[in-house]
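Sequences are here, hints too, so could you generate the full structure?
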Amino acid sequence: MTTHQEGHVNQEPAEGTIVVCPDGPLLVRGHFEIVTPAGEPVPRQRRTVALCRCGASAIKPYCDGTHKLIKFRTDPAAPADPAPADPGP
Amino acid sequence: MHIPEQRGPVSAALLALLAGQPVENGSALTELQVLASAQLDQTADVIEDEDLQLALFCLYELHYGGLDGVDDGWEWIPGLIAVRRLLEQSFEKALRTAARAAVPEVPPVAAGGSVSDGVATVLFALAAADTGPSLSKHVAKKASVGQLREFLIHKSTYQLKEADPHTWAIPRLSGRAKAALVEIQADEYGGGRADRMHSALFARTMRALGLDDRYGAYVDAVPAIALASVNMMSLFGLNRRLRGAICGHLAIYEMTSSRPNQLYGNGFRRHNFDAAATAYFDEHVEADAVHEQIAGRDLAGGLVEAEPDLLSDVLFGATAAVAVDSRLTLRILEAWENGRTSLRTGLPAAA
Numbered sequence: 001m002t003t004h005q006e007g008h009v010n011q012e013p014a015e016g017t018i019v020v021c022p023d024g025p026l027l028v029r030g031h032f033e034i035v036t037p038a039g040e041p042v043p044r045q046r047r048t049v050a051l052c053r054c055g056a057s058a059i060k061p062y063c064d065g066t067h068k069l070i071k072f073r074t075d076p077a078a079p080a081d082p083a084p085a086d087p088g089p
Numbered sequence: 001m002h003i004p005e006q007r008g009p010v011s012a013a014l015l016a017l018l019a020g021q022p023v024e025n026g027s028a029l030t031e032l033q034v035l036a037s038a039q040l041d042q043t044a045d046v047i048e049d050e051d052l053q054l055a056l057f058c059l060y061e062l063h064y065g066g067l068d069g070v071d072d073g074w075e076w077i078p079g080l081i082a083v084r085r086l087l088e089q090s091f092e093k094a095l096r097t098a099a100r101a102a103v104p105e106v107p108p109v110a111a112g113g114s115v116s117d118g119v120a121t122v123l124f125a126l127a128a129a130d131t132g133p134s135l136s137k138h139v140a141k142k143a144s145v146g147q148l149r150e151f152l153i154h155k156s157t158y159q160l161k162e163a164d165p166h167t168w169a170i171p172r173l174s175g176r177a178k179a180a181l182v183e184i185q186a187d188e189y190g191g192g193r194a195d196r197m198h199s200a201l202f203a204r205t206m207r208a209l210g211l212d213d214r215y216g217a218y219v220d221a222v223p224a225i226a227l228a229s230v231n232m233m234s235l236f237g238l239n240r241r242l243r244g245a246i247c248g249h250l251a252i253y254e255m256t257s258s259r260p261n262q263l264y265g266n267g268f269r270r271h272n273f274d275a276a277a278t279a280y281f282d283e284h285v286e287a288d289a290v291h292e293q294i295a296g297r298d299l300a301g302g303l304v305e306a307e308p309d310l311l312s313d314v315l316f317g318a319t320a321a322v323a324v325d326s327r328l329t330l331r332i333l334e335a336w337e338n339g340r341t342s343l344r345t346g347l348p349a350a351a
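Sequences listed follow chains A and B, in order. Using our numbering, the first residue of the first sequence is number 1, and each one after it goes up by one. Using our numbering, the first residue of the second sequence is number 1, and each one after it goes up by one.
Be a bit skeptical, because a hint or two may be false.
No more than 30 Å apart at the CA atoms, straight line, and that leaves these computed lysine-lysine pairs for BS3-like [as the list claims (entries may be wrong)]:
{"#": "1", "chain 1": "B", "residue 1": "K93", "chain 2": "B", "residue 2": "K178"}
{"#": "2", "chain 1": "A", "residue 1": "K60", "chain 2": "B", "residue 2": "K137"}
{"#": "3", "chain 1": "A", "residue 1": "K71", "chain 2": "B", "residue 2": "K137"}
{"#": "4", "chain 1": "B", "residue 1": "K178", "chain 2": "A", "residue 2": "K68"}
{"#": "5", "chain 1": "A", "residue 1": "K68", "chain 2": "B", "residue 2": "K141"}
{"#": "6", "chain 1": "B", "residue 1": "K142", "chain 2": "A", "residue 2": "K68"}
{"#": "7", "chain 1": "A", "residue 1": "K68", "chain 2": "B", "residue 2": "K137"}
{"#": "8", "chain 1": "A", "residue 1": "K71", "chain 2": "A", "residue 2": "K60"}
{"#": "9", "chain 1": "A", "residue 1": "K71", "chain 2": "B", "residue 2": "K93"}
{"#": "10", "chain 1": "B", "residue 1": "K141", "chain 2": "A", "residue 2": "K71"}
A few chain B residues that face chain A, going by a derived Cβ cut-off under 8 Å, partial list only [said to hold, decoys possible]:
{"#": "11", "residue": "D117"}
{"#": "12", "residue": "A125"}
{"#": "13", "residue": "A128"}
{"#": "14", "residue": "G132"}
{"#": "15", "residue": "Q185"}
{"#": "16", "residue": "D187"}
{"#": "17", "residue": "D212"}
{"#": "18", "residue": "E292"}
{"#": "19", "residue": "T329"}
Think of the hints as simulated: they come from the structure by calculation, not from any bench. Small disclaimer: the values here were computed from a predicted structure and weren't measured. C-beta atoms are modelled at their ideal positions from N, C-alpha and C, and glycine is treated no differently.
Structure follows, in structure tokens:
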């Protein structure tokens, strides 16, 4: 017996997942290959990788953290349903 | 590691005790506790007390690789654990004070969004706000080869057992935070390849500069603040109560790593060291850009999501790391700017 998150009922986890990190890279985890347009493997040292999304990395296609220096922003921060302010204890 | 030179009455008494067979109790253990209490009462600053930090370092080492010639049976002798706890209580108190002084105001976790994203955002903000003097810029632009060696020696106390203190936390976590920590640590330990272990890459860098890569080879040369930096991780890692702090510590380490390691590598390339020598730094540029995302959101964020009360300890671990490591940086840069060595003793001739 397993429990399922809403929206994932009866669905096996995907072979690979891509986490879209806010203001940061794409974190790719699972089974996948990174290849050049000609299909040659791109050198890879680890199972889970962070792919550059800001365009400023010196080690593309991988992330080197430069997005933080250039203050790269992804989505404008606008929560659809902000929680009421915590009244505090 | 080899037995270090004593630095005062407490470390001297401890090392004398460890030279013998483990005893459950006895006058020597009692005497050690009395000496430790006395030294704690009169020390101006436990974080930079050479004698107390070395004693604590040796006590922790019993739980890691051990000390040459010291009976493994000492590890769980209650009287020795009591001494460790005595030192830890004062050390933790001093770390909390230092962390508050270094980062007086921590931004609140935003309400409304997911807790784990909010925790990651706060930790990234803390990392970005850490704008003290930069060791990495100095290493990149100015450091001599001799200073590069000193830099490696300070780092070696941790980097030759890199990741070990955080590994203590694995069985204390569950779910998302545990999976995250294991994923990071697997990478730290080379993903199954012994030669890719970060500690092995660091050893290679040390050898490239003609340094001894055995763990603890330079323990006598590093100052109390460098030992305190490692003792802090052992304190957080070995106490289940402080599992929040060890997760916060790892997160801030990962978040303040990619760019500095790029600069460290540049410093070694400036002196024409080859890719074997800089592999350690190059690896960290890429690895820690991955780890900082996992450590912030899934490890620290996942932990706070599961155990909301641990938020303050996550932030304590992160800010204590900032506080201690900025003191070590200041010490090193101050020495170098005045044309002095940043080590306690000169380099052993064998190096």
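These are the hints, each one checked on the structure:
1. B/K93 with B/K178: holds, 27 Å
2. A/K60 with B/K137: holds, 23 Å
3. A/K71 with B/K137: Distance ~20 Å between A/K71 and B/K137 Cα, so the pair holds.
4. B/K178 with A/K68: holds, 26 Å
5. A/K68 with B/K141: holds, 22 Å
6. B/K142 with A/K68: Holds - the C-alpha atoms of A/K68 and B/K142 are around 25 Å apart, at most 30 Å.
7. A/K68 with B/K137: Holds. A/K68 to B/K137 sits at ~17 Å (cutoff 30 Å).
8. A/K71 with A/K60: The given pair, whose Cα atoms are some 18 Å apart, holds under the 30 Å limit.
9. A/K71 with B/K93: Violated, at about 36 Å.
10. B/K141 with A/K71: holds, 24 Å
11. D117: Hint holds; B/D117 Cβ to chain A Cβ min 6 Å, cut 8 Å.
12. A125: This hint is violated: B/A125 lies away from chain A, its Cβ roughly 10 Å from the closest one there, beyond 8 Å.
13. A128: Given a least distance of 6 Å, the restraint on B/A128 holds.
14. G132: violated, 17 Å
15. Q185: violated, 12 Å
16. D187: holds, 5 Å
17. D212: Hint violated; B/D212 Cβ to chain A Cβ min 27 Å, cut 8 Å.
18. E292: holds, 7 Å
19. T329: B/T329 check fails; min Cβ-Cβ to chain A is 19 Å, beyond 8 Å.
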